[in-house]
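Participant: Take these sequences, add in the hints, and give me the full structure.
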Amino acid sequence: MTERSQTTEGTAVRQTAGTPHASYGRGFWVKLVIMAIINAVGVMIIFSAAQAQSWGILAGMAGLLIAADWVYFSKRALPLKYILPGFAFLLVYQVFVVLYTAGIAFTNYGTGHIGSQQDAADQLVAQNEQRVEGSESYPVAVVLPEGEDGGLLGEEELGFAVVEDSQVLVGTAEQPLRPVEGAEADADQVTSVPGYQVLDREEVLDRQTEVAELRVPFGEDEAEGALLTQDGRTAHVYEQTLVYDEEAETLTHVEDGTVYSPTEEGLFAAEDGTELAVGWRVFVGFDNFVTGIADTQTAGPFFEVLAWTFVFALASVVLTYLVGMFLAIAFQHERLRGRRIYRVLVILPYAFPGFLSALLFAGMLNERFGFVNEVLLGGASIPWLTDPWLAKLSIILVNTWLGFPYMFLVCMGALQAIPKDSLEAASIDGAGPLRRWWSVTLPMLMVPTAPLLIATFAFNFNNFNLVYMLTGGGPRMEGVEAPVGHTDILITMVFKISGLASGQATDYGLAAAMSLVIFLIVTVIAVISFRRTRSLEEIH
Amino acid sequence: MHRGIVAVSAAAALLALSGCAGDGVALDDQSRSLTIWVDDDRQEPVARAVEQFTEDTGVEVEIVLRNYEEIRNDFISQVPTGEGPDITVGANDWLGELAVNGVISPIEPGELTEEMEPVSLEAFTYEGQTWAVPYAIENLALIRNTAMTDVTPETWDEAVEVGEELDADYPILLQMDTEGDPYMMYPMQTSFGAEVFEQAEDGSYEPEIAMGGEPGAEFAQWLDVQGQARVLDTTVTFDIAREAFANEESPYLISGPWILPEVEHLDVAVEPIPRPGDQEAVPFVGAQGFYISSQTESPLLAAELVTDYLASHDAQVALFEAGGRTPALQSAAEVAAEDPRMDGFAQVGAEGLPMPGIPEMAIVFDYWGVAHAQIVDGRSQDPAVTWEQTMDTIQAQVDD
Numbered sequence: 028m029t030e031r032s033q034t035t036e037g038t039a040v041r042q043t044a045g046t047p048h049a050s051y052g053r054g055f056w057v058k059l060v061i062m063a064i065i066n067a068v069g070v071m072i073i074f075s076a077a078q079a080q081s082w083g084i085l086a087g088m089a090g091l092l093i094a095a096d097w098v099y100f101s102k103r104a105l106p107l108k109y110i111l112p113g114f115a116f117l118l119v120y121q122v123f124v125v126l127y128t129a130g131i132a133f134t135n136y137g138t139g140h141i142g143s144q145q146d147a148a149d150q151l152v153a154q155n156e157q158r159v160e161g162s163e164s165y166p167v168a169v170v171l172p173e174g175e176d177g178g179l180l181g182e183e184e185l186g187f188a189v190v191e192d193s194q195v196l197v198g199t200a201e202q203p204l205r206p207v208e209g210a211e212a213d214a215d216q217v218t219s220v221p222g223y224q225v226l227d228r229e230e231v232l233d234r235q236t237e238v239a240e241l242r243v244p245f246g247e248d249e250a251e252g253a254l255l256t257q258d259g260r261t262a263h264v265y266e267q268t269l270v271y272d273e274e275a276e277t278l279t280h281v282e283d284g285t286v287y288s289p290t291e292e293g294l295f296a297a298e299d300g301t302e303l304a305v306g307w308r309v310f311v312g313f314d315n316f317v318t319g320i321a322d323t324q325t326a327g328p329f330f331e332v333l334a335w336t337f338v339f340a341l342a343s344v345v346l347t348y349l350v351g352m353f354l355a356i357a358f359q360h361e362r363l364r365g366r367r368i369y370r371v372l373v374i375l376p377y378a379f380p381g382f383l384s385a386l387l388f389a390g391m392l393n394e395r396f397g398f399v400n401e402v403l404l405g406g407a408s409i410p411w412l413t414d415p416w417l418a419k420l421s422i423i424l425v426n427t428w429l430g431f432p433y434m435f436l437v438c439m440g441a442l443q444a445i446p447k448d449s450l451e452a453a454s455i456d457g458a459g460p461l462r463r464w465w466s467v468t469l470p471m472l473m474v475p476t477a478p479l480l481i482a483t484f485a486f487n488f489n490n491f492n493l494v495y496m497l498t499g500g501g502p503r504m505e506g507v508e509a510p511v512g513h514t515d516i517l518i519t520m521v522f523k524i525s526g527l528a529s530g531q532a533t534d535y536g537l538a539a540a541m542s543l544v545i546f547l548i549v550t551v552i553a554v555i556s557f558r559r560t561r562s563l564e565e566i567h
Numbered sequence: 053m054h055r056g057i058v059a060v061s062a063a064a065a066l067l068a069l070s071g072c073a074g075d076g077v078a079l080d081d082q083s084r085s086l087t088i089w090v091d092d093d094r095q096e097p098v099a100r101a102v103e104q105f106t107e108d109t110g111v112e113v114e115i116v117l118r119n120y121e122e123i124r125n126d127f128i129s130q131v132p133t134g135e136g137p138d139i140t141v142g143a144n145d146w147l148g149e150l151a152v153n154g155v156i157s158p159i160e161p162g163e164l165t166e167e168m169e170p171v172s173l174e175a176f177t178y179e180g181q182t183w184a185v186p187y188a189i190e191n192l193a194l195i196r197n198t199a200m201t202d203v204t205p206e207t208w209d210e211a212v213e214v215g216e217e218l219d220a221d222y223p224i225l226l227q228m229d230t231e232g233d234p235y236m237m238y239p240m241q242t243s244f245g246a247e248v249f250e251q252a253e254d255g256s257y258e259p260e261i262a263m264g265g266e267p268g269a270e271f272a273q274w275l276d277v278q279g280q281a282r283v284l285d286t287t288v289t290f291d292i293a294r295e296a297f298a299n300e301e302s303p304y305l306i307s308g309p310w311i312l313p314e315v316e317h318l319d320v321a322v323e324p325i326p327r328p329g330d331q332e333a334v335p336f337v338g339a340q341g342f343y344i345s346s347q348t349e350s351p352l353l354a355a356e357l358v359t360d361y362l363a364s365h366d367a368q369v370a371l372f373e374a375g376g377r378t379p380a381l382q383s384a385a386e387v388a389a390e391d392p393r394m395d396g397f398a399q400v401g402a403e404g405l406p407m408p409g410i411p412e413m414a415i416v417f418d419y420w421g422v423a424h425a426q427i428v429d430g431r432s433q434d435p436a437v438t439w440e441q442t443m444d445t446i447q448a449q450v451d452d
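Those sequence lines, one after another, are chains A and B.
Just so we're aligned: the first sequence equals residues 28 to 567 in the working numbering.
Just so we're aligned: the second sequence equals residues 53 to 452 in the working numbering.
Quick caveat, the hints were computed from the structure, so don't treat them as lab data.
Glycine is no exception: its CB is placed at the ideal position from the N, C-alpha and C atoms.
Any given hint could turn out to be false.
[Claimed, not checked] Only part of the chain B face toward chain A is listed, based on derived beta-carbon distances under 7 Å: (1) Glu356; (2) Val422; (3) Thr445.
Facilitator: Okay, structure coming up:
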């Protein structure tokens, strides 16, 4: 089949030279349709990105699209035709994610620093706008001044009309409330005002964001407050305590005149250091990395957790590998009866979802009610999960239980590939079973399995599920300021100190910085190990 | 082969296309529709209230079912991007964080001020503003199995004595966890006078830890004694406490209204919490309510739905029937109080303290329970010292 299509293509190419029309075979049309769809999708994403003002995504998508068109329509890019899809996915799912994380790692994104400076200023103004105590509530009509030719004026001109002391008052954001003659009201609700159009409910709803943002001053003096409405029906008198100056980018307190200016930390602060609660995202350089690694609060636990993460990942790999290999060798023995049943049984822990097993084990290891203490140990009360050392041991043992079937499967396959004669030769040379295992089986097994061991290491380095479900990182380290436990590995520690685990103030910047550190550690280890593996192969 | 790859990428592209289709719809008039996040418990009654709203106004409301635990963080991260809902259900202790992040708008309660239980509105007050329309309040109380004992204990020791006389497996059940459960333990603490934060004159909380000192030390000693006697035990988690009470292994359980559906087969009375210290054992009163996003494009409609529909008598009664928590609206609370057990909770709650909604509360929770657990487990050399150290750590974190 492959050969045939190659011949067809070959002919097509040859034909192109002479008669161009002949090259548009069925394949070309299929390709055209597919590329049209891809282009359509791409252009759509570009439009959405433009709408969301995500210029990075827009540029990336445009680049990918141009590349795709060039690659699949050009005659000179044959290898790229195979590489591009994979490359595109790599770009989107790996490179982009890492870059995005890196982008966050250098900002203070987190609780209190979520939006932009403008958002923060708007919020602070709104939060500090309070209803004047004991003030009346007014049924309000939303009005729009009519233009000279009966047409409507600009959007800024929305106003409110209310009844006060049987007198209709009208005002807009620019024009404080003032009495108008000839207006009509039904009870307290204004129904018509000369020179204005009274909006009905539908029209109000059409412009509800404007209505909700509209402040109509009561008088020339700001201290008299302003009318505003939250539902478009009833208005209340509000006083502003903070005023934003767009030019100077400062907030000023109306009563005491304190000026709050933006700081480098993304907060509004007064000269005496008082800060306003709502901040915004700013670039903070390496601050997050320094906090994560060198800050007194996290430095101590960081290195302890780092060490434990290595111990945990290494021990998990070594133990699962040894147990898996031992069972694989044992079940290979021809004199063993019922090997198939054993093999199925051994794979069972692997068939169970990992985090469910971890939860089950958490229950079984409960100090007072757990199966292990209650039944197996006759009512002993061993703190499997609450003593620092026992908890570490429990984690490693449970992970061995969960991980060995995988190693068993891998080793079973690899063992088949070991030539029997080398083992026989060794045994003729007088090597005992241990010697044969150490000098022949193990080295030959390492060649195909070493890359898997590295992958397993990397997986366990970030084995969030197990730790989270089994001990939750506990027991808590004592005398340490960060809420970190003895069995926390780096990834669960990041989860905790970034505030994602509890309801505590979140710090995505810190979390991203620490994730990057983990990413770098794992990458470096993987690169070094793969180099080693290659030298292992060369020996053979 | 060649075509295969193209076909695969085309399929992927089509998948992406279907994903984008949702965004395309967003181009429609957003200001005339509402999205509201609710959890499982609230979905049905909210749907009913919303149905009436849609009938009256013609505005479509999309109800999005969310996992309650995820709402807070998702709301904070999605509102600024414009992806969040217009309204979400939430607890009052989220308030400080939501406000500091600028993702919610203050609400003008207007007439509701007179119609709601004062404690419920108080719970949603921060920096002088009201930030949500409450619909329910909840608090702990003592639940007594009336078939096992008819003694209403006034003090903790009395309760333990009754339990021991009955030879029950657990004299009294109070759930903990390996990292403690401060919410459950709080009434015990208040009976020693160790309240969590200093309170300003108007009752609002200030970020000054007030749990230390002599009252804190006494409470720590008490924890130690109860831990040694195994009356308190960190292995008695929510599940175990519920099981044990349902199996009549204990005459007393300290818990909230959420436990009632689980013990429907028992005849229970709901009474004040027995005090271990000299003062009354006062629980936190938490409130649930509806917050409005600060980025909503339908501010008027959102306000209308929340204040006129979700705060209505019918809606609050329906929410009570679905969630089993005392309604915040007084007229609805009266309906709930027809059940003597709910009335019991409401009476204990009337004496309760609003659960602090200031952002510092989250920090407190991170360390507080760990100290409880450490002392109860006997892992502490000197309970009073452990307690004081924890309080210093918390204060340092709060000041940070």
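Participant: Each hint needs a verdict: does it hold in this structure or not?
Facilitator: These are the hints, each one checked on the structure:
1. The criterion of a C-beta within 7 Å of any C-beta in chain A is met by Glu356 of chain B, whose closest approach is roughly 5 Å, and the hint holds.
2. Contact between Val422 of chain B and chain A, as hinted, is supported at the beta carbon level, the nearest pair being about 5 Å apart and thus within 7 Å.
3. Satisfaction of the interface hint for Thr445 of chain B is found here, the shortest Cβ-Cβ separation to chain A being roughly 6 Å, below the 7 Å cut-off.
Violated hints for the displayed structure: none, as all numbered hints are satisfied.
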